[in-house]
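Chains as they are written, first to last, in my numbering: chain A, 1 to 309; chain B, 1001 to 1276; chain C, 2001 to 2276; chain D, 3001 to 3276; chain E, 4001 to 4276.
The set of hints was computed from the structure by calculation and includes no laboratory data. Idealized CB from N, CA, C, for every residue including glycine. Only true hints are included.
Pair ranges (Cβ atoms, derived):
id, chain 1, residue 1, chain 2, residue 2, range
1, C, 2047, B, 1088, 33 to 41 Å
2, C, 2134, A, 97, 49 to 57 Å
3, A, 193, C, 2261, 55 to 63 Å
4, C, 2255, A, 222, 43 to 51 Å
5, C, 2019, B, 1035, 57 to 65 Å
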Amino acid sequence: DEVSYGTNWLAQAEHGGFYQAVADGTYEKYGLKVKIVQGGPNAANRALLIAGKVDFYMGGPLGDMDAVKEGIPMVSVASIFQKDPQVLLAHPGVGVDKFEDLAKLDTIFMGKDGYVTYFEWMKKNFKGFRENQYKPYTFNPAPFIADKKSAQQGYLTSEPYEIEKQAGWAPKVFLLADAGYSPYSTMITTTQGMIDKKPDVVQRFVDASIEGWYNYIYGDNKKANDLIKKDNPEMTDGQIAYSIAKMKEYGILESGDALTKGIGCMTDARYKQFFDEMVSIGVEPKDLDYKKAYTTKFVCKGVGMALKK
Amino acid sequence: MSTASPVPTAASAAKNRETLLRILIPILVVVALVVLWQVLVTATGVPQYILPGPGAVAQSLVKDWGTLAPALWVTTQITMAALGLALIGGVGIAIFLIQSKWIETAFYPIAVILQVTPIVAIAPLILIYAPTTQVALLICAFLVAFFPILSNMVQGLKSVDHNLLNLFDLYGASRWQTLIYLKLPASLPYFMTGLRIGGGLSLIAAVVAEFAAGSAGAGSGLAFRLLEAQYRLNIPRLFAALVLLSALGVVIFGITSFIAWLGLHRWHESSVRREN
Amino acid sequence: MSTASPVPTAASAAKNRETLLRILIPILVVVALVVLWQVLVTATGVPQYILPGPGAVAQSLVKDWGTLAPALWVTTQITMAALGLALIGGVGIAIFLIQSKWIETAFYPIAVILQVTPIVAIAPLILIYAPTTQVALLICAFLVAFFPILSNMVQGLKSVDHNLLNLFDLYGASRWQTLIYLKLPASLPYFMTGLRIGGGLSLIAAVVAEFAAGSAGAGSGLAFRLLEAQYRLNIPRLFAALVLLSALGVVIFGITSFIAWLGLHRWHESSVRREN
Amino acid sequence: MTDLQSLDIPPGSSHKRPLVVMRNVSKSFSSGTLALSDMSLTVEGGEFVSLLGPSGCGKSTALRIIAGLGDTTTGTIDWPASRINVRGLPEGDISFVFQEPTLMPWQTVFGNVYLPLRLRGVSRAHAADAIMTALDTVGLKDFAKAYPRELSGGMKMRVSIARALVTKPKLLLMDEPFAALDEITRQKLNDDVLKLWRDTGITVIFVTHSVFESAYLANRIVVMKARPGRVHADFPLQTSLERGPLYRASEDYRAACEKVSAALLDAMGGEAMEMH
Amino acid sequence: MTDLQSLDIPPGSSHKRPLVVMRNVSKSFSSGTLALSDMSLTVEGGEFVSLLGPSGCGKSTALRIIAGLGDTTTGTIDWPASRINVRGLPEGDISFVFQEPTLMPWQTVFGNVYLPLRLRGVSRAHAADAIMTALDTVGLKDFAKAYPRELSGGMKMRVSIARALVTKPKLLLMDEPFAALDEITRQKLNDDVLKLWRDTGITVIFVTHSVFESAYLANRIVVMKARPGRVHADFPLQTSLERGPLYRASEDYRAACEKVSAALLDAMGGEAMEMH
Ligand SMILES: Nc1ncnc2c1ncn2[C@@H]1O[C@H](COP(=O)(O)OP(=O)(O)OP(=O)(O)O)[C@@H](O)[C@H]1O
Ligand SMILES: Nc1ncnc2c1ncn2[C@@H]1O[C@H](COP(=O)(O)OP(=O)(O)OP(=O)(O)O)[C@@H](O)[C@H]1O
Ligand SMILES: [Mg+2]
Ligand SMILES: [Mg+2]
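Whenever a hint applies, use it, and build me the whole structure from the sequences.
So, in structure tokens, the structure goes:
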């Protein structure tokens, strides 16, 4: 079967498992011919999933819940990351040592999506975060670097690396997941129609992807990295190595349920916890049938754990 | 100059009918479009989250009016400010450029560079150096909107009838007088075209600037609401915001067209009725 | 018609000098700008990741030429295609609009709506329904670039001298003949302004379309390289891409200006030397 | 060479059927000026009518209305002896020399004279002979490649005359064609038009301010009164002499001049006017 | 009322110092046409010079050069008896009636006539009397509020004449001012100009195609030859009679006409021309 998977950004190590499965023939082994459609700033891969132009998409729980709210049949079937790599960065040596200290800064550069989600959560759960701290982040860290009294959003594996390389100092990194904001991340999202009509394709794609991830982290990932670099010529080996190291260090893939039930695992309890958080800050309505946004029936089966070395 | 009495009455009746039609026809076209839209949506059965029908959009418009109205107001303000800046800047630079062929050769390319530089790329720079976000926003909006006005003005100022220039030279008119009494009025038809383009472009500029330089929360405009709706997959609201933007665009167009008519209908071919 | 022999020689010498200056002056201005830029960077000590000096940018330009050149080429292609589409579309729609006052009243607002609709908002829709990304890209670019050409053309087509219209009527010219032999040539000065704006705007359109419709990887243009460089904080490369964009914009401007000169220098006030 | 359509007279029609009948025509402009009031005029085929009257009395307006340019406010224009096309004009050739040269500035002199033939689909090569002949008649053979802006006032007018003559028209409307010409060129062209009229049986309506010219050329004089414009006097000028040098020296001519002069004076309300 | 600057004659200067001296002036246009070749002309203060010549011989060009509009290719223009301003023109009033009306289409008749006064800073209210007087002279008092496009050809020309007269000039350059006017209006204006000349000691250079007009008005006749333009004949016209009805009926006038006519004929290379 031919399927396509739309990622949420340019090819990078955070997508490594999928490339691994393409490169080492895991998908083929499962009878799939997979085309990875890389995302990017402003790329509309989610819209393409909704319109049926791609079969799977690298979604997140908030998007899924929004879809449920709007009656869009989008369902997540696996969550590759247990922790969202979303971080906030601050300058070193300005007295920002704990997550709460970010409230002391004048400015936080955030994307619109962050502004309507975790910033709401921060304002609700910590003292001192203010509306007027927000400034838009246009994926250029220069304004942050230029302003010591500012923080900015980032991706654990990207911005800290770039900033250190360019500015010569390592920013302070605060993982939102560690502060308590814990959505699933880098999910495999598809449509209800797909699940109903071709459940076996979904299952095979999930299984093969998980295997790909184990192989990527623990096995020989050179071919996958070559594919990544082909899709995104800017990617460097140094960056990839840094990313993999950070993913391991912070337990992005393997923490919580994944340690025992394998990468990609999702549980009702964890999902509900996040949903309740979102309800409490008013991002999602209380009566939302959030269970429509995901299904656990394809994961937590320990697939590929044997590959872990 | 005598006037035949029955003629003006007939003429004024015709004029009234014309004014009526001028308002009616665009409305009819819009209605037709909406109907077409509905038919299309119904016929193809396209789901609401891809292309909502007009009904859903209207509903969202009503329901979300509370958030959309202030956003519309903010966007209108930015648009007006951007248009004002673009007019002053465009006309001002145009007047500077036509002072001599050498100035034009030297500095027109710089205006082109300003025009073609993508806002997203330099927005961070602007954000760093602009004192407030508001200023950054206006700089971005100005950069998007000024060029058509500038270009049209340059062409207009250079298209002045050489015989009239001779006349002004003969009477020893100063540069300033020639500008005020001859070049500016003579370039009005071009200016009006620039104004018309600039009006629409200012709106785009307001949106782009908001995307790039941003404002959020209470002070945010339609661009922000639009992106938010898109992110939240609230497609009817997205379209409601689009409808508001379009309506604002058409209103601005109507106003600029009216201004153009005011300025030209007494004398310029483009607005004068052909009478023989 | 006799010709005094010494005069043309002097005139042609003057002409050569003029051509030289026409090329030299913009270069001098650019050099001055670069020097100013360097001085500014040195004087303020602004770090490279905020505003790199011209040296760093030049270096990056050379070093990254391998990635930038193909991107430049892609952007050039999209720009040309967008400009072509915008010209055909703008002129075509303008001709349609001036067929009658009612058509204009009814359909001009629709063109305005198309213009003011933010590309980012409808890009997903276009992506869904366009057969290929390439087509989606072109649709986006067209939407950005067509309006100034349309507006200028409408104004130009309506600004035809009424006496000449009478002449054509008298000789029983068909609509088509009046268009070809009278209205189109008469609107050339307006068209050329539209072309000049449209040229720059097509470049912007190519960039915006690439942002919105997103092409990535091998087939991507300068817009993508730019965003990427920004994301990677490779600011010298960002500026290198900006420099290339600007250069492309200035080249397009030069070409459109030359075309305007070709079309107008024999007869139109704006390009004819004033001689008495 | 040119596929001239003939101004057919339907078979069996009386020879006496007039060519054009202007019946109770009024014309008021939207500015409120009543240019013509209840003007009636019947012109027979083959007449040479000279139209005189004070400046601003409506001569040009009347001529344009006869040519089908512009509607009448009340009254009708009929062509009893001609087949009528959709525009209400006789099938056949009307040529019009407007009071202003009305040249296309983007065309050379050649291109301007070519226009009426081009509109009939005559190829440039086929038309070249006729065009050069017409240009020769007005003494502008050497200026075929010049643009209108490179011509003097009188030369522009002569191009316009050449354009009217190039089609070998059946009805020639001329609105002060020779006013900008020196006496000698004027007399030559007078004789050329007379020759054309005599040789081809053409009908001419000729507006002039020159009493001498009208007396020399016309076999019928129509004098108009101003504000509102209407026919004041309408009389034939008979002579047994052929119009030419001999006639110019004759008592007939002197009498005709005096008669026209008196009528004009009368039309202007008896202001002092001395004939020499 | 208007702060007219006087055309001062420096103290101690001889009365015989000429007003303007044109010395070996050549003028060639970039098109290659040599319009004037080695033309010299000296005009004394208080003269009424009439310039005649075939169409296209360079009369308008010569007039423009005298007025300082356009450079000479070779040769010089001097104003020995006047203070010279930065533009090389005498301080004082030159008025010019161009061959074409050269009106600003966006101004009313009033506004057009107001122009020379406005350029001197005279307020509208202060200027109104002078303007209405000038309009009255040309018979257009009723049309002060009309726009140029609402006027007939002759009326436009009369507005242009009124504009030239409104400043009470010291040197009046007129380029076929009355060609578009009926004989009666023409004669009236002839007499008005004569009166102005007699009463104020103004200098007039008057281009005309009418032999009669030149003979009636001028006290000096300059006949030009064409291609290239140069002075062919230059002679005074003396009469002991005051120019007026009496003069028009006199033998002096008839002789003057014949003399001018002969000179003109001679200038045109002896082509057949019959005077009646
Ligand atoms: N387009 C117009 N709009 C309004 N009024 C007009 C227009 N054209 C002409 N008129 C008026 O109509 C009257 C007659 O004008 P017309 O041009 O027919 O005069 P004419 O006899 O040709 O004069 P002339 O000898 O000066 O050319 C004038 O009073 C003029 O003001
Ligand atoms: N701007 C110009 N460019 C090129 N040639 C020109 C220009 N203006 C005038 N000429 C040429 O110069 C010559 C003289 O023109 P000018 O207008 O002085 O003639 P004129 O004596 O006023 O004729 P007319 O009686 O027809 O008005 C003509 O041959 C004309 O073709
Ligand atoms: Mg007329
Ligand atoms: Mg002339």
